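Protein chains in written order, with the working numbering: chain A, 1 to 346; chain B, 1 to 218; chain C, 1 to 798.
By construction, these hints were calculated from the structure, which means they are not laboratory data. Predicted model, so just to flag it, every value in this text is computed and none were measured. One thing to keep in mind: the hints can contain errors.
[Unchecked claim] Incomplete in silico selection of chain A near chain C, CB under 8 Å: (1) 31; (2) 89; (3) 91; (4) 95; (5) 106; (6) 111; (7) 112; (8) 115; (9) 116; (10) 119; (11) 151; (12) 152; (13) 153; (14) 200; (15) 201.
Every residue, glycine too, gets a C-beta built ideally from N, C-alpha and C.
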Amino acid sequence: MNARLIAFLLLCPVAALGQGFAGLGTDAAGFAMPAPDPVFDFPADHGPHPNYRIEWWYVTANLTGPDGTDYGVQWTLFRSALAPGEGEGWRSPQVWFAHAAVTTPDAHHVAERIARGGIGQAGVTAQPFDAWIDDWQMVGKTLDNVRLTAGGTEFRYDLGLEAQGPLVFHGDGGFSVKSAEGQASYYYSQPFYRVEGSLDLPDGIVPVTGEAWLDREYSSQPLSSTQSGWDWFSLSFDTGAKLMGFRLRQTDGSAYTSATWIGADGATQPYGDGALTAEPMRNAEVAGREVPVTWRVTLPDRNIDVTVEALNPDAWMAVSIPYWEGPVRVSGSHAGRGYLEMTGYE
Amino acid sequence: MLLQVSGVTKSFAGAEGPVPVLSGVDLSLDLGQTLSLQGESGSGKSTLLHIVGGLDTVDGGQVLFDGRDVAALDEAGRAALRRSDVAVIFQQFNLIPSLDVFDNIRFQARLAGREDAAQVARLIEALGLVDHRHKYPEQLSGGQQQRVAIARALAARPRLILADEPTGNLDEATAEEVLDQMLALVGETGAALMVVTHSPTVAARMDRQLHLRAGRLA
Amino acid sequence: MTRAVLQALAAHWRRNPLQFFTFLAGLALATALWSGVQAINAEARASYDAAAATLGEGRFDQLVPRAGDSLPQETYVSLRRAGWQVSPVIEGVLRTDGGRIRVVGLDPLTTPGALSPVGGTRDIDLDSFLTVGVLFANATTAERLAGLPQEIVTDPSVAPDTALTDVGVAQRLLDRPESLSRLIVAPEQPLGLPPLDEVAPGLTRVAAQSGSDVGQLTGSFHLNLTAFGLLSFAVGIFIVHGTIGLVFEQRRGMVRTLRTLGVPLRRLIVLMLVELLVLSLLAGGIGVVLGYFVAALLLPDVAATLEGLYGAQVSGGLQLRPVWWLSGLAIAVLGAGMAGAGALWRIARLPILASARPRAWAMAAGRGRWLQGGAAMLLLAVAAGIALADAGLIATFALLGCLLIGAALALPLILGAVLALGQSRAKGVIGGWFWADTRQQLPGLSLALMALLLAMAANVGVSTMVSSFRLTFIDFLDQRLFADSYVRGNDREQMAGIEAFLQARGATVLPLLRVDSRLDGIPAELMGARIGPAYEDNWAFVDAGPDAWERVAAGQAVIVNEQLARRAGLWLGDMLELGGGLRLPLAGVYGDYGNPLGQAVISEARFSEIFPDEAPRQFGVLGMEPDDLRRALSEAFDLPPDSVVDQSTVKAFSLGVFERTFTVTAALNVLTLAAAGFAILMSLLTLSAIRLPQLAPVWAMGLTRGTLARVELVRALVLAALTAILALPLGLALAWVLLAMVNVQAFGWRLPMYLFPLDYARLGLLTLMAAALAAVWPALRMARTPVSHLLRVFANER
């Protein structure tokens, strides 16, 4: 039922228009639209923007256990508005849902939560920072120092995140264009979290350390109606530099790419369509479909030519709207690790 | 004269109208006499026996039993005749399956209201049924069943005993023995005996032999 | 060859249309009763399922308030924030122009499992579902909701008289903001959940399918119906068994001939099986159609019963569900197969033999009789054991099964013994033969007689229960409805005004305060009463401590109805939590027949302490003529005349509900008895064919056919009478089990047992009439048997 209802919730408008992944390519009547040259107001902008249709607080972490085993952790809170603005109590048009996952080299644990806004079951406050749904929480005095918890029937995690660098803004100062037609979102990140904490897995509790990356994005119609999904990379190189890149696939087979080069000091350089290339090298059958789990990613301007390979190809997020999300290893011109998200693979 | 049959006619319904079986039969039989009735299959010999015994009715003619016209009797009258004056020994199914040998033998005598315990005992003895007194009909051989039927018929002390192929289902030796016993015992009681048979041997043991052909006695 | 054989087989039916009719009628009747009952059960279950799907009851555990009927919405949020995967439900009654409708509010985002209407195939705008409001209801209910501003969507899977909507919309419709009724617990919960006591101490967890579940409450009733259906079917199978036995008996000659002509036995058997299958499908089809009509006829009464006794809503319309029509066909085929198996086996095994039927009873006497007797004793012993152990409802029904089957098995043995005694005592020659022959008939008739025994015992048992219930209920109504009239007002002020008005005129006013609640986690109503002499003089206790009324009046104790006491396992002196922190000891337990809910009574003052906002909705008034009262209130308060109901009207109404409740039982009783009569008729007809060789010698020795026919009739009557006499104690045992065990487990009250000798006599007479009717035709046939048929017995040809 939940799956059906969420599909209903998110795809019903899509069904009407027949386009885009998860309804992200739909008409945004009544909602506020991102505009170029944004001026952010922090910490307030860490909180929700109910006039925009969708918004997320998206954390991915590459972690290492005491024996050197790699782990990936995901914590995502989505806000999806049925109508712009807030309402009182159950009348609130804001629907919240969240995904949490832990990926190990041979396992992938997923959990999902869904909640109505307006009654206190889920929400985000900017000051002090608190983003929650049920018992899942990302909470701290400020966004720079938060505790991240979530769990499902077979796992739990409790991580401390401490920012080691500044916020970075994608696209044009946080205005990230998503298509040639000009669809865009507000998009900024905190890619410099250092992480320490523990994972409670079926085999026992594992103390872990590593780094995490928070993406904040909100918009009302980030995808063009001719875009069917995306492949999104967040890579941290051993040099301390980072690369965010994505490739939006068009229904005609072409792609729209965008990237942000993040120096170890936090200095950024945005790249527009075509600068970044990402080519699938190897597919794996995951959840009954072919998904590329090894990629060649290049950014010639920075001499990047790397192979990105999934730590665990089975990192399928079997949630209401399923997608692939998991930790990756980077080799080639640069070494490192990161996260890969792939949506719209039918 | 105990039995006087004159001009008896009888026909059965057939597919194309009535089929005559008896077309004017005359015969007479007195106490102490024995008579055999022979004839082809379907010659009407059994029908004649049934009519004489009050088991069946006539279409025409007269059957005088001890001066009374049997043909004029209603069902109850014929039943009374069967109960007290006639005993029939059939080829098979003579006995009441739910009663044992002893009760079967006494049955008709008690119905007629003249049970004689001593006589019953004598009959059981004479017919070699002592060991079988408490058996049920289905536990008996064919010969034993017919002996019980004879005992039952005699125990009722009827004036007329009718037997329809009484030994027809028995092998030759048994048939001979049963016939001997029957004739001896009937002789003792002085009743009249009419036997329907196809067997010349059986017929030969009777005082008179009659043949039915095409519904008439020849 | 196959075709020729089939023609030969069919020729038999053409020549014996009566047997063809009997076979079809018997099997169709059996199937009709069975599938009719199954159809009713299926319909009721579908209604419960709709309710359970609506409410999540039955499949999911629930968190309910320990006391009271609501929980704050914050508790829900706290539980969610603690990790508990629960989903909110609010339930309440909406009074519309179209009557009372139960509104159920859910949160579609958190509800576990399939929630039938929401997210169905229709394109419902989720935004409007969550905010403006969409109500799902079945077609009948939807019409009654037409006045509401919300969008109404018709969905047949919603329970009757229920509207389903979003929790927020429901809160607004019911005017209960921030309030919930209960929480559904999702089956999968995350790791490290804190205990419920820490997060929500005011809630208690109720396991799925526990006491409050309508399905379980009504389970006994449906088991009851099913038992009746099976009983009817068994009776029908007796009929079919008899017919098939006769048909195969008569076909032996044909089988012999066909085999002589070179038809392989195997093919013959296969073809006969095919024939049986085709005929039983035909009969089953007819039966299912008849069953539909039976069910359609009875369903409204069943629905009334279920609502009256359990508060379960069952839709009155019947649907053709595969569950029951398929099971009807299946059981027809199976039944015919069972009945035919023996006959076919005999044919398969028998070489060509003399065809006279053996005197089976004498031969089979030894071992078979011991086995049957042993089985009967064992079953009866098990029944007694269960009765002593006083186990659960299912065990009690097992007891009933053991009792009935054991008694049925014992019947031929007991009858055999009685007949043997009769035979040994018989004086006359006809008498002796009569008893002996009756004994011989017994095996052939025993199945039909067992059917008669069961039918009559069921009648005695059920009618004793119903009549006992009725007497108790009338008595109980007299106790309970002691006020001269009952007044209903509109609101608090008006009620207060009426009270003062009536007291000024010297009438005694007994306000009754009432809230729906849960007591000890069990759905119940909590009442606040003005205790006075009227209560003390009229109410009778099942069990009470000294000064029970004084203690209740003083606010020191509570009294509860029997069903609450039994369900909660409480008795005198035990403490009961009543909500609002109030805990009181039990001072008394009173009978409360016909009420599906638990009930507790405390004093008016105590009640007002816990529920200060509740105003009485009803007054009992003593000391004023109902007509005067009606007139006075109409003048002074403009109350409509139907706001005042006098005692006799209430009683008449209650009794009316009661009578309707048992219409079905009565109807099934009659049907079962009729089927048993039919079974006797068919057995006798079957037997009459093999009777001739048994009767012919007796006829030849001087009994008329008329006498024999009379004897046959008397025989049937004697057997029926003996069976009826034996059925009486069995029926009373059945009644005792129903009253003292089934009632307690199914409803929560134990009823005193009364005896109704006149009823039994009437029933006995009815049974004899049924047997006589059944025996008349075979007897007439006997009386009219042509002499030639009798004479043929002795002839050579068989």
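Hints versus structure:
{"no.": "1", "hint": "31", "result": "13 Å, violated"}
{"no.": "2", "hint": "89", "result": "6 Å, holds"}
{"no.": "3", "hint": "91", "result": "5 Å, holds"}
{"no.": "4", "hint": "95", "result": "7 Å, holds"}
{"no.": "5", "hint": "106", "result": "20 Å, violated"}
{"no.": "6", "hint": "111", "result": "7 Å, holds"}
{"no.": "7", "hint": "112", "result": "11 Å, violated"}
{"no.": "8", "hint": "115", "result": "7 Å, holds"}
{"no.": "9", "hint": "116", "result": "6 Å, holds"}
{"no.": "10", "hint": "119", "result": "6 Å, holds"}
{"no.": "11", "hint": "151", "result": "5 Å, holds"}
{"no.": "12", "hint": "152", "result": "5 Å, holds"}
{"no.": "13", "hint": "153", "result": "5 Å, holds"}
{"no.": "14", "hint": "200", "result": "6 Å, holds"}
{"no.": "15", "hint": "201", "result": "10 Å, violated"}
Comparing the model with each numbered hint stated earlier shows that hints 1, 5, 7 and 15 do not hold.
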